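All chains, please: the whole structure from these sequences, using the hints.
Okay, so the sequence shown: first residue is 1 according to this note's numbering, each after it adds one.
The set of hints was computed from the structure by calculation and includes no laboratory data. A few of these clues could be false.
In silico DSSO-like links for lysine-lysine, alpha-carbon gap of 30 Å or less [as the list claims (entries may be wrong)]:
(1) K231 / K108
(2) K101 / K231
(3) K94 / K108
(4) K388 / K422
(5) K413 / K234
(6) K270 / K108
(7) K108 / K234
(8) K108 / K278
(9) K94 / K234
(10) K234 / K270
(11) K231 / K94
(12) K278 / K231
(13) K234 / K101
(14) K388 / K413
(15) K270 / K231
Computed from a predicted model, the values in this text were never measured in an experiment.
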Amino acid sequence: MSEFLDELRWRGLIAQTTDEQALSTALDNAPLTVYAGFDPTAASLHAGHLVPLLTLRRFQQAGHRPIVLAGGATGLIGDPSGRSSERVLNTPEKVRELVEKLRPQLAKFVDFEQGAILANNLDWTANISALDFLRDVGKHFPVTQMMARESVSARINSGGLSYTEFSYQLLQANDYLQLYRDQNCRLQIGGNDQWGNITAGLDYIRRVTANEGGHAHALTLPLLTNASGEKFGKSTGGGSVWLDPDLTSPYAWYQFWFNTDDRDVVSRLKTFTFLDRKEIEELEAAVAERPAARLAQRRLAEEMTTLVHGADETAAVTAASGALFGRGELGGLPADTLRAALAEAGLHEVSGELPSVAALFQASGLAASLSEARRTVREGGAYVNNTKVTDGEAPPSREELLHGRWLVLRRGKRTVAGVEVKA
Numbered sequence: 001m002s003e004f005l006d007e008l009r010w011r012g013l014i015a016q017t018t019d020e021q022a023l024s025t026a027l028d029n030a031p032l033t034v035y036a037g038f039d040p041t042a043a044s045l046h047a048g049h050l051v052p053l054l055t056l057r058r059f060q061q062a063g064h065r066p067i068v069l070a071g072g073a074t075g076l077i078g079d080p081s082g083r084s085s086e087r088v089l090n091t092p093e094k095v096r097e098l099v100e101k102l103r104p105q106l107a108k109f110v111d112f113e114q115g116a117i118l119a120n121n122l123d124w125t126a127n128i129s130a131l132d133f134l135r136d137v138g139k140h141f142p143v144t145q146m147m148a149r150e151s152v153s154a155r156i157n158s159g160g161l162s163y164t165e166f167s168y169q170l171l172q173a174n175d176y177l178q179l180y181r182d183q184n185c186r187l188q189i190g191g192n193d194q195w196g197n198i199t200a201g202l203d204y205i206r207r208v209t210a211n212e213g214g215h216a217h218a219l220t221l222p223l224l225t226n227a228s229g230e231k232f233g234k235s236t237g238g239g240s241v242w243l244d245p246d247l248t249s250p251y252a253w254y255q256f257w258f259n260t261d262d263r264d265v266v267s268r269l270k271t272f273t274f275l276d277r278k279e280i281e282e283l284e285a286a287v288a289e290r291p292a293a294r295l296a297q298r299r300l301a302e303e304m305t306t307l308v309h310g311a312d313e314t315a316a317v318t319a320a321s322g323a324l325f326g327r328g329e330l331g332g333l334p335a336d337t338l339r340a341a342l343a344e345a346g347l348h349e350v351s352g353e354l355p356s357v358a359a360l361f362q363a364s365g366l367a368a369s370l371s372e373a374r375r376t377v378r379e380g381g382a383y384v385n386n387t388k389v390t391d392g393e394a395p396p397s398r399e400e401l402l403h404g405r406w407l408v409l410r411r412g413k414r415t416v417a418g419v420e421v422k423a
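Structure below.
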């Protein structure tokens, strides 16, 4: 078996393959061209998209050629996989706009100077007429086989499926054939919910190239959940964790990975980082022996923040994380990093005159009542901007406001909240 496939399996990156031995032989015999598709359904990729994107990167590091496919055509239709109802279709103008927003994100994870390709399936789909598509593509797809695919049958059983989304698998299959012919692409990867769509492409290639002996491969990646069974990639508030820093700040991104459950952190290190086995096994031992130190989570968060946002942002967010809890200077933090950190901790807004410290502790949720806040001050557990408070009835001074706007409140060593003073 291919060493590379062994590595993917160890990292938990193989759910299904059509013929693992044949794929292993193909990977060992010559560089293989492999693709994954990404439909533009939002203005940013989210954390879950990193599973196929980083797998493409692993293929390239192993000497193979990745194709990152932006779904300018398929994004107009909507994939029924993993959905219980019809997708609201975006306009062609909106899909073009979303493709342009996703291009730079897709381009960050593979090396185009080393042969990687960024493609858009609208380039070969836009000019096909409906009649030509039905004659040249549709005739190769038995309806009974299409109906049997899990993504289709699940939707039909849950309430119905339009012809538009029913046809999605034909478009994706045609993508595979086009890349097979134009780029000698022999492998498509995707999430395990894409198995039916990918194998539809394999069947299409086999039928169209029967006289040529055409052959291609499929490999799907597991759909990740956390130890509680929840779908991976959601923040504690329930929303997606985005790669775009304007949608998910680098600080919030760091905290998402840092908050990984002990039961999940080793598998996340394998799936998302490029750390070698020895280091991951050392971190696994640290989780077992010293879980409170959260060494594995810290390394995961640092690796993922550097990968997506760069080393400078990683340094900024780790400095902010330490400073909020008294392990660094708050005054030197950039305003946007401080704001993002306080938003994650919980930010209470104040207008007009500043109330007393005790009132701020109550209003921010650090104390349940004024009497509890006053008691915290008396016991030496109340801090404003990392300075111990001795008078809970006095308001903070305007000079204490960080960047003229914010205060960091802390109760004890581990409980933090922010205050934003509006003009």
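Any hints this thing doesn't respect? Which numbers, in order? Violated hints: none at all, because every hint is consistent with the structure.
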